[in-house]
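Based on these hints, arrange chain Z on the given structure of chain H.
Those protein sequence lines, which keep their order, are chains H and Z. The C-terminal residue of the first sequence carries number 283 in this note's numbering, and the numbering is unbroken. The C-terminal residue of the second sequence carries number 701 in this note's numbering, and the numbering is unbroken.
Don't read these hints as lab results, they were simulated from the structure. Predicted, not measured: the structure shown is a model, and the values here were computed from it. Hints are supplied without guarantee of correctness; some may be wrong.
[What the hints assert, rightly or not] Okay, derived cross-link-like pairs now, DSBU-like style, lysine-lysine, Cα gap no bigger than 35 Å in a straight line:
1. 384(Z) <-> 504(Z)
2. 504(Z) <-> 107(H)
3. 198(H) <-> 504(Z)
4. 9(H) <-> 373(Z)
5. 9(H) <-> 504(Z)
As a plain string of letters, each chain reads:
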Amino acid sequence: MRANMKNKKFLRLLVSYTILTFVVVIIIYPLLWTIGASLNPGNSLISTSIIPKNPTLDHYRELFAGKESLQYGQWYLNSLKISIFTMIGSVISVSFTAYAFSRFRFKGRKNALTLFLLLQMIPQFSALIALFVLAQMLGMVNSHWLLILLYIGGQIPMNTYLMKGYMDSIPMDLDESAKIDGASSTRIFFQIIMPLSKPMIAVVAMNGFTGPLGDFVLSSAILRTPDAYTLPIGLYNLVNQVMGASYTTFAAGAILISIPVAIIFLMLQRNFISGLTLGGIKG
Amino acid sequence: MQHRRIALLLSIIPGLGQFYNKQWIKGILFLVLAISFFVVFGDLLNMGFWGLVTLGTEVPRDNSIFLLAEGIIALIVTIFGLAFYYLNLKDAYKNGELRDKNLKPSTLKEDYHNLIEQGYPYVISGPSFFILTFAVIFPVLFSFALAFTNYDLYHSPPARLVDWVGLETFSKIFTVDIWRSTFIDVLAWTVVWTLVASTLQIAIGIFMAVLVNQKDLRFKKFYRTIFVLPWAVPGFVTILVFAGLFNDSFGAINHDILAALGIDPIPWMTDENWTRVALILMQGWLGFPYIFIVTTGVLQSIPEDLYEAATIDGASIFAKFRHITMPMILLAMAPIIITQFTFNFNNFNIIYLFNGGGPAVPGSTAGGTDILVSWIYKLTMQSSQYALAAALTILLSIFVMGLALWQFRRTNSFKEGA
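Here chain H stands alone, though its shape is the one from the complex:
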């Protein structure tokens, strides 16, 4: 009986480790392959192997060689700038709006909430033509600031919902006792609500930062010249203009953006995962 149970346990763990190892390999393989590709000499991938026989850093150098069609450094800065400002802008506007929705009962509140709910369901880029026309009318084709504003606008509905849900879970007594002590609404916001909402602020900040990095559509409609590109458009064009020909260079570019983002993500994940779980479960 006891031996049987031991056997069973051994079998269960064996199967578990086998599956886990298999999945780890599937996850790691594409990432290692990309690193390998970026170190392979030549442009084509036909001779690529994960561990190149004579590794080279040429592709990394090429990224910064300053070619007209390959302004990697510039794209990197553009993406960084757009992501950071979108993050700051959406954290500020989302927190204030969520505070209003969570703590005040004002006219039009219910309608506004329903509006937010509907807007977060329409993919923003389905209004692509409109945004493009808008850019032309305002003479803001290639403008990063217009793009940032559009990103912030796109972030507001969904994130306000998340944030409001989180703020709703902060007990009202805290505000009320502060109010009795004579604190203004703004002060309550900064000194009570904001510090307690940290996990959700981390989520909103992450969404704000990664949103622009994941967007291909809006940026490709508004940014038209290579020096204004962000990384997604730049790298996509690199791969697609001459498919295969510059894949190894793309791989080098992909590594340089992925590693820092992944490291920051892993370092911060503890902060936002609690917020995400809580907010998500609350809906």
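Only chain Z this time, still in chain H's reference frame:
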């Protein structure tokens, strides 16, 4: 006649009602605001509404699309104007009512305090609403309007004018053969894609979380870190990497893996069905970490005694999973699970970046793996069928919104918030 009636009637011209109530300063404020509204926006309103109705009459002077945009801005401005007008009427009526009851109308100071107190939520959420109006509501209204025009390659400014055509585009989607068959094909694949890809990523996520969460399993931290990686790396990078891996001629999957197993190369990029398989597998890879993380959180919150009690009752591992773990997960995660479906329904990036929605289908504007959103994108950017794209957007939005409303009515946050 009562004061409130007279004040209301006089207020048809903003400010006069306030004058009647002897609130001089407020009256002047309303009057000045109303006059400046027309001075500032008069031209825009005039031009905008004319453009909205006619969409221009003369080439090359009028650009229909710009006129339409101006018209919509005029519409938005008008709505704000009407809101202000309503405030003015209401204020006059209210103070008239106070006078009818022989009370004093509110003083300016009281009004000011009132405004500060009640206006606070409006002030702090105002900027967000402004950005939202400009970045989301305006574009949505614009697309909505385009669906009722004939804007396409052959009716495109500045050389040609665009006209209103009513519901023609919508009826064409269902009557023109090539449009109808494309629409149905794309819709069918969108639904299959959404269901299969989402289910796969959810199933893998839950399964891996349960697996790693086994009490006697070691290296938990290591596995959890590795499993987050697909989420941590920017999505567009991974998709493009996979596009290389799956490439028919030089991709490592055909070249290294399948060759090592003695399997012939598979036409991942040129055969529609294989592209679909590749897309679904990729989405499983990309999407499972999020579910994995959230499920792990839920699992850790399930009380240990439940399992102990079940063990004493002689329940097997699978019975425990089925009757304790699974219901707990599904209950806690229902909203997140539904979001996965809406996300994949609109998952443009994976479809477009992987293979451009291809392989191309002869005679059709949509490729073999295009879902609705990527088809709309192509119609806009590549074949200039703007009106058709806009009409499809409306159909898609109605569909998604209906689903979403149904979903949110069932979750707590809406009930609490309402």
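Evaluated hints:
no.: 1; hint: 384(Z) <-> 504(Z); in the structure: violated (73 Å)
no.: 2; hint: 504(Z) <-> 107(H); in the structure: violated (49 Å)
no.: 3; hint: 198(H) <-> 504(Z); in the structure: holds (24 Å)
no.: 4; hint: 9(H) <-> 373(Z); in the structure: violated (75 Å)
no.: 5; hint: 9(H) <-> 504(Z); in the structure: holds (21 Å)
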